[in-house]
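Fit chain A to the supplied structure of chain V, relying on the hints for placement.
2 protein chains.
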Amino acid sequence: MIRLYHFPLSPFCRKVRLTLKEKRLEAELIEERYWEQSPDFLRRNPAGKVPVLRMDTRVMSESQAICEYLDETNAAPALMPRDPEGRYEVRRLCAWFDDKFHEEVTSKLLYERVNKKIMGLGYPDSKNVKAGATRIKYHLDYMGWLLDQRRWLAGDAMTLADFTAAAHLSCLDYISDVDWNRNATVKDWYAKIKSRPSFRTLLQDQIPGFPPPAHYADLDF
Amino acid sequence: MIRLYHFPLSPFCRKVRLTLKEKRLEAELIEERYWEQSPDFLRRNPAGKVPVLRMDTRVMSESQAICEYLDETNAAPALMPRDPEGRYEVRRLCAWFDDKFHEEVTSKLLYERVNKKIMGLGYPDSKNVKAGATRIKYHLDYMGWLLDQRRWLAGDAMTLADFTAAAHLSCLDYISDVDWNRNATVKDWYAKIKSRPSFRTLLQDQIPGFPPPAHYADLDF
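Note that the protein sequences, when read in sequence, are chains V and A.
The first sequence lines up with residues 1253 to 1473 when you count with this note's numbering.
The second sequence lines up with residues 1253 to 1473 when you count with this note's numbering.
Don't read these hints as lab results, they were simulated from the structure.
For clarity, every value in this text was computed on a predicted model and none was experimentally measured.
Don't take each hint at face value.
Copies of one chain are not kept apart here, so a pair can be met inside one copy or by any two copies together.
Stated by the list, open to error - Below, in silico cross-link-like pairs of lysine-lysine (DSBU-like), each with a Cα-Cα straight-line distance of 30 Å or less:
no.	residue 1	residue 2
1	1444	1275
2	1439	1275
3	1389	1379
4	1273	1444
5	1379	1368
This is chain V alone, in the form it adopts within the complex (with noise of 0.2 Å):
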């Protein structure tokens, strides 16, 4: 039995949910008002965050020790390279996204519209969504250069550096703030990606109160 507690637009759980689907493991997914802080949740992870997996009597926390654990003990599709240099550039991205990118983008567009709202805290601050706006520009762009040089965004095979990045510009995309005339070569990169049979689960989401843009769920976007 697998179990996820999950929220919708958290880009760290979406990371495992794609990972999850990609390696065939069904799991049951339970939404957590994590923000509450129930004893219930803080019993299963006492860091107080989502996501948390519990597979049969195991229970586990933070996505990336959760996704490289799913990785290494289902092999097939592998979503890490199996040389030392790939793996580092994978770790190395994935840290990209759930640090920097989280810190610089997310946080200031999603967090700021969304989160904000359903958690009680009052309106977005302008100046972080002005300095979100801004950044992700930035972001787009080294993407871009990166997938000038490679096929995907770690190297030549798709990896968990994919998902993870995917995993935030998809929460992104559902408030439309990702403009994807910026760079053909992304837009390519998440058209392939949008179209796995791993991201439609992601696609059907629906936030009471934050009706996704039409855009959202189309494969040709």
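Positioned in the frame of chain V, the structure of chain A alone reads:
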């Protein structure tokens, strides 16, 4: 030729320094005032952060990715377990310290008291300092709880999780922000780590304007 661009009181740099020393890799240390974001530095790492490790022509960033790379390419001593469950637990705890502990404690105490002054960003915010001083107690208790069940933080062998935690705690110990009397088990664990040869250069660090307390370099603290 190995060269590490670092900042002495950065826990992420210390984690890489400890890993290099454990693996008996000699590295030239170059202090980098990373917050000044010099063009040369940004060319080495567009993320604009330390540590940056140059190994011959390879330039690497992101401390966890670097440390796992060094562990995979240098066999002894192994800093990651061989089983996926063990590796998961190490990665979970590395993320715990580099993410949660960093946000709740390191940034609230070290960055307020030291980095702000060095970077010319003014005085410590006493609200943050107070919050950090409260939160570190919970983290020391959590470490004590783990160490009551295991010889080292992630299991019965010393791993990267121990060096990650020690990297953060050693920076806080430099400014006397760790109450070693709170938990005897945690103190014993730190004494074991601190007496390793890999720790020596960390204990010799001197930050101008911030002399370390007498107990900082004392193995019998």
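Discussion item. My question is about residue 1379 and residue 1368: at a cut-off of 30 Å on alpha-carbon distance, are they close within one copy, between copies, both, or neither?
Written reply: both (15 Å within a copy, 22 Å between copies)
Worksheet entry | Intra- versus inter-subunit Cα pairing at 30 Å for residue 1439 with residue 1275 | Answer is within: at 25 Å inside a copy they meet the 30 Å cutoff, but 42 Å across does not.
Fill in: Intra- versus inter-subunit Cα pairing at 30 Å for residue 1389 with residue 1379
Answer is within: at 16 Å inside a copy they meet the 30 Å cutoff, but 34 Å across does not.
Worksheet item: At most 30 Å between C-alpha atoms: does residue 1273 with residue 1444 qualify within a copy, between copies, both, or neither?
Response: Classified as within; 16 Å inside a copy, 43 Å across copies.
Worksheet item: Within a copy, between copies, both or neither: where do residue 1444 and residue 1275 come within 30 Å Cα-Cα?
Response: Within. Shortest intra-copy distance 18 Å satisfies the 30 Å Cα cut-off; inter-copy 41 Å does not.
Hint check: no violations occur; every hint is consistent with the structure.
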